[in-house]
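Okay, here's what each chain looks like letter by letter:
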Amino acid sequence: MARKFSTALVFFVLFAALFVPTTFAADKVKLQFCSWMVAEQSGGEVWLPERIKEWEKSHPNVSVEVIPLGWEDTPSKITLQVQAGNAPDIFTIESLWLGKFAAMPRAVEDLKGYMDADFVKSLVPAYKGGELGGKMAGLVWSPNPWVLVYNKSLAAKAGVSGQPRDFNDFVAQGRAIHKLGADIFGMGLQLGVDEYSADTFHIISWPNGGDILDNNLKAAVSSPGMVKTVQLVKDLVDEKVIPFGEEVRNLRTLFASGKVGFFFEGPWIAGVLDGEGMSRDAWGVSAWPGDVQPASHILMLSQQSKNKALAWDLMKYIVTDETTAKEYFKRTGLLPMVKSQYKDPQYDTPYVKTFLAQMATLKNPNVWRSPRKLEIETAFCQDLQKILLGQGRVADTLKALEPKIADILKQ
Amino acid sequence: MVATRRELGNGVFAFFLILPSFLIIILVIVYPLVNAIVTSFFRYLVTDAQGMVFVGFRNYARMFASQQFWNALAHTVVYVGGTVVGELAIAFALALLVNVRFRARDFINSLFFVPWIIPSVVVALITKFLFFDHFHGVVNVVLKQLGIIREFVPWLKDSNLAMPTVLLATIWKMFPFMFVIIYAGLQAIPEEQVEAGKIDGANAFRRFLHITLPNLREIIVLATTLEFIWQFQYMTVIWATTQGGPIDTTTTLPVLIYRTAFLGGMDMGYGSTIGVFWLVFLLAFSVLYVRVAGRGEE
Numbered sequence: 001m002a003r004k005f006s007t008a009l010v011f012f013v014l015f016a017a018l019f020v021p022t023t024f025a026a027d028k029v030k031l032q033f034c035s036w037m038v039a040e041q042s043g044g045e046v047w048l049p050e051r052i053k054e055w056e057k058s059h060p061n062v063s064v065e066v067i068p069l070g071w072e073d074t075p076s077k078i079t080l081q082v083q084a085g086n087a088p089d090i091f092t093i094e095s096l097w098l099g100k101f102a103a104m105p106r107a108v109e110d111l112k113g114y115m116d117a118d119f120v121k122s123l124v125p126a127y128k129g130g131e132l133g134g135k136m137a138g139l140v141w142s143p144n145p146w147v148l149v150y151n152k153s154l155a156a157k158a159g160v161s162g163q164p165r166d167f168n169d170f171v172a173q174g175r176a177i178h179k180l181g182a183d184i185f186g187m188g189l190q191l192g193v194d195e196y197s198a199d200t201f202h203i204i205s206w207p208n209g210g211d212i213l214d215n216n217l218k219a220a221v222s223s224p225g226m227v228k229t230v231q232l233v234k235d236l237v238d239e240k241v242i243p244f245g246e247e248v249r250n251l252r253t254l255f256a257s258g259k260v261g262f263f264f265e266g267p268w269i270a271g272v273l274d275g276e277g278m279s280r281d282a283w284g285v286s287a288w289p290g291d292v293q294p295a296s297h298i299l300m301l302s303q304q305s306k307n308k309a310l311a312w313d314l315m316k317y318i319v320t321d322e323t324t325a326k327e328y329f330k331r332t333g334l335l336p337m338v339k340s341q342y343k344d345p346q347y348d349t350p351y352v353k354t355f356l357a358q359m360a361t362l363k364n365p366n367v368w369r370s371p372r373k374l375e376i377e378t379a380f381c382q383d384l385q386k387i388l389l390g391q392g393r394v395a396d397t398l399k400a401l402e403p404k405i406a407d408i409l410k411q
Numbered sequence: 001m002v003a004t005r006r007e008l009g010n011g012v013f014a015f016f017l018i019l020p021s022f023l024i025i026i027l028v029i030v031y032p033l034v035n036a037i038v039t040s041f042f043r044y045l046v047t048d049a050q051g052m053v054f055v056g057f058r059n060y061a062r063m064f065a066s067q068q069f070w071n072a073l074a075h076t077v078v079y080v081g082g083t084v085v086g087e088l089a090i091a092f093a094l095a096l097l098v099n100v101r102f103r104a105r106d107f108i109n110s111l112f113f114v115p116w117i118i119p120s121v122v123v124a125l126i127t128k129f130l131f132f133d134h135f136h137g138v139v140n141v142v143l144k145q146l147g148i149i150r151e152f153v154p155w156l157k158d159s160n161l162a163m164p165t166v167l168l169a170t171i172w173k174m175f176p177f178m179f180v181i182i183y184a185g186l187q188a189i190p191e192e193q194v195e196a197g198k199i200d201g202a203n204a205f206r207r208f209l210h211i212t213l214p215n216l217r218e219i220i221v222l223a224t225t226l227e228f229i230w231q232f233q234y235m236t237v238i239w240a241t242t243q244g245g246p247i248d249t250t251t252t253l254p255v256l257i258y259r260t261a262f263l264g265g266m267d268m269g270y271g272s273t274i275g276v277f278w279l280v281f282l283l284a285f286s287v288l289y290v291r292v293a294g295r296g297e298e
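First to last, the protein sequences are chains A and B. Anchor point for the first sequence: position 311 equals 311 in my numbering, and the numbering is continuous, going up by one each time. Anchor point for the second sequence: position 267 equals 267 in my numbering, and the numbering is continuous, going up by one each time.
It is worth saying that the hints were derived from the structure and are not from the lab. The structure presented is a predicted model; accordingly, all values stated were derived computationally and were not measured. All residues carry an ideal CB built from backbone N, CA and C; glycine is no exception. Don't take every hint at face value.
Claimed, not checked - Where chain B lies over chain A, by a calculated footprint (3+ residues, C-beta under 8 Å):
| hint | stretch |
| --- | --- |
| 1 | 34 to 42 |
| 2 | 97 to 105 |
| 3 | 383 to 393 |
As the list claims (entries may be wrong) - Below, computed lysine to aspartate or glutamate pairings styled on DMTMM-like, alpha-carbon distance capped at 25 Å:
| hint | chain 1 | residue 1 | chain 2 | residue 2 |
| --- | --- | --- | --- | --- |
| 4 | A | K240 | B | D158 |
| 5 | B | K128 | A | D73 |
| 6 | A | K306 | B | D48 |
| 7 | B | K128 | A | E40 |
| 8 | A | K179 | B | E151 |
Claimed, not checked - So, partial list: chain B residues that the calculated Cβ filter (under 8 Å) puts toward chain A:
| hint | residue |
| --- | --- |
| 9 | L19 |
| 10 | G264 |
| 11 | L283 |
All chains, full assembly: derive it from the sequences and hints.
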């Protein structure tokens, strides 16, 4: 009996020992840095960890765990980690998620207390892209406006400039490129059911006065401007000028394969197209003749970080270190944040000038201010697909969408 | 009768041995289940500062009034029914084919198992690649070369074709399980019954109807019940190919729950509501199915 009891006790103790924390007091402080730029074929996946190792050399008591997290997974995974209380010290977001994380309880530190006047003065104005509601929710790492990317060879064969003067010229150039072949699309638009597709739709709806939500955050999808834009997109999809239902990664593959004339992207496209095997001489960028939303990469300091000062030091290093930024630009195309670094001749290119000029037209979509952004944009994209598949008339479907959006806003 | 000290000792010993498993079951099954049921009565958006707010049956009212929910339920029935029937038909046909002795039988059997060991996400990527509707979709290229189609077909983007396409991918992925079970059942049919059938003059079809099927009944009920339960929960192929689109035509209940609870505002309250309904539906269906399908044995 005693033997059985002691056997059971030993067994139970061994089992219980599985739940005893096995982390002992470590000599090194551990920081976690999370980004999709180290998860994907972006050009930064090798360079960034190397540079972080350099930073560690000047902080011998700190070890940085570089955590790759895919772009699509970032909002949901980081949200769950914040809720679970184990968010990484530093995580990367894109502009379209700024509203979500800035408003999220216990998520991000207000960086106003960390950014002194001299530091702020050293940055390009795009640093304001990290500010929301009076809070500096994040430190802009790469200022990214959307621009038009075009295939030089297709544009030349179609006899167009690749640099549209206005919206109508853009449509005309797209149609001209499509005439080169049945399998050639004049332009690529993200028409998946996701927030990215809805966000980039603003670029073509704004010139027509269309928007998803108005300035008062009321549904505006049935406005004449939006109806006009959606009707035009439907016509272009029916003409096969735009491929139906493609999301961003497929569009990049199609573009790299020479099947798309124009599409909208940010400065990261250089590294992405390198990864797709497309020569940098084969494509160019042109300014969009209108407003665009930002797609900046922003570093956020977790409110849950136990080493905020160190984490801030690492954030500053990643954003401002000249050697890091210079090579990062070469490999990824992403621009630096520090004004003085632009004196380097490597930034004196039409590529950089196009993006810098486009930064003057940055505008946040109204829907970014809504906590139900994803649900609203999903509803919009689903009804847009219904229209594009011929399962609903443009005006009627958009009219019917407005109460659905109102319901979502009420939830 | 008073338990002896020895019996008590044995009981305590047994209790300690099962205690770890019992704790794990409580942690991994019972606690989440109870938590989900409780959460279904609250408004709880993970990203909302309000936290959990008790709303009674409001989530259930919202669910039953939601066309999206009923569509997802209908799609689930189609997806699950289509997958199970398709798997059964293919698995049965293949099992009958290889149920005769021939040289490379074991090798052929092992080939049939390949889809099962390929991870579901890889199957989804293969499906996307095969059914891509632009220049390099293999299916489109082959069909166009054969003159069966004139233009590339948007298999995964057409609202009428997306569900059959993901069904096909799922059937291909999952049929080996059914195949193995049915094949084992065929091998276990007593030879004497088959011989007796032949002596009595029964042809192959009548032997199949009156000998093979009755012998396999219990196995088929078991295999299909398991498949129903698994397919009700399966979303990997759908999520990795169409993400429930186009226009929600491949959105099943698991996809709807995932989108509701783990994306965007992360509406855990409403997501739990759909999850509770799904659990009750699946339980009721399983009990009913086993009762009806197993009735013939009596």
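Exercise. Of the numbered hints stated previously, which ones are contradicted by the structure, given in increasing order?
Worked result: 1, 11
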